[in-house]
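Counting from 1, position 126 in the sequence shown corresponds to residue 126 in full-length UniProt numbering; the numbering is continuous, with no gaps.
By construction, these hints were calculated from the structure, which means they are not laboratory data. Take the hints with a grain of salt, since some may be wrong.
Unchecked claim - Label pairs and their computed distance ranges (CB to CB):
1. Y144 <-> V103: 27 to 35 angstroms
2. N129 <-> N55: 52 to 60 angstroms
3. R91 <-> H141: 35 to 43 angstroms
4. E130 <-> S95: 53 to 61 angstroms
Keep in mind it's a predicted model, so treat the numbers as computed, not measured. Beta carbons are placed, not taken as given, at the ideal position from N, Cα and C, and that holds for glycine.
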Amino acid sequence: IKMATHFWTLCFLLFVLLFLQTEQTVFLSANNANQVISRHKRGSFLIIEEFFQGNLERECLEERCTYEEAREAFEDNDKTNKFWAGYFSGRQCSSNPCQHDGVCQDSIRSYTCTCTDAYEGQNCNFAKNECQHKTREGCQHFCYPGSESYHCSCAKGYELGEDKKSCIPRDQCACGRLDDVKIMTLKEIKTTCHRRFPWQVLLLNPEGK
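Please build the complete structure, drawing on both the sequences and the hints.
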């Protein structure tokens, strides 16, 4: 009986010893566990980062970056501007906005079209020889299409400006113009302008007066 008791005591001690060794290999101390679970801080929080060349992946792909951070990564203005145009505002030229073989160039939040000789406009959508009422750079009064370009003319009392598009008033009673801005009666206007009304529209009563 005594030998059996010693045997079971020895087995119990061996079991306890094995359990303690297993616990040490499976479980870590609080300090070690915190070191495993905690997230390592990024290098951007270290002051020493300022002494190293910028990393594009770290600065602009993992998180939103500034233009200065992108410049540190490229160390070149042209490369930075090209990257920034696509990174900050997307690629505006991907939709091919330039018409009639115009060349598109991306810029920040915008784009620029370089048109062929025969076309003009923001998207190269206006032919230079055709009159386009939608373009702001067209004729101020009248437009006539031509073989290579359109030409402009003006209403009576105006003459064509140096830009060959604008119309400059030369007559006191030119259509739509009065030199004197004072309030005038209809009788005074007719006397001054030889019974010609100086505006484009004249309102008459039912009797035609």
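Hint by hint, here is what the structure shows:
1. Y144 <-> V103: 27 to 35 angstroms: holds (30 angstroms)
2. N129 <-> N55: 52 to 60 angstroms: For N129 and N55 the Cβ distance comes to about 54 angstroms; the hint holds.
3. R91 <-> H141: 35 to 43 angstroms: Since the Cβ atoms of R91 and H141 sit about 41 angstroms apart, the hinted range of 35 to 43 angstroms holds.
4. E130 <-> S95: 53 to 61 angstroms: With a Cβ separation near 25 angstroms, E130 and S95 fall outside 53 to 61 angstroms, so the hint is violated.
Consistency note: the structure conflicts with earlier hint 4 alone.
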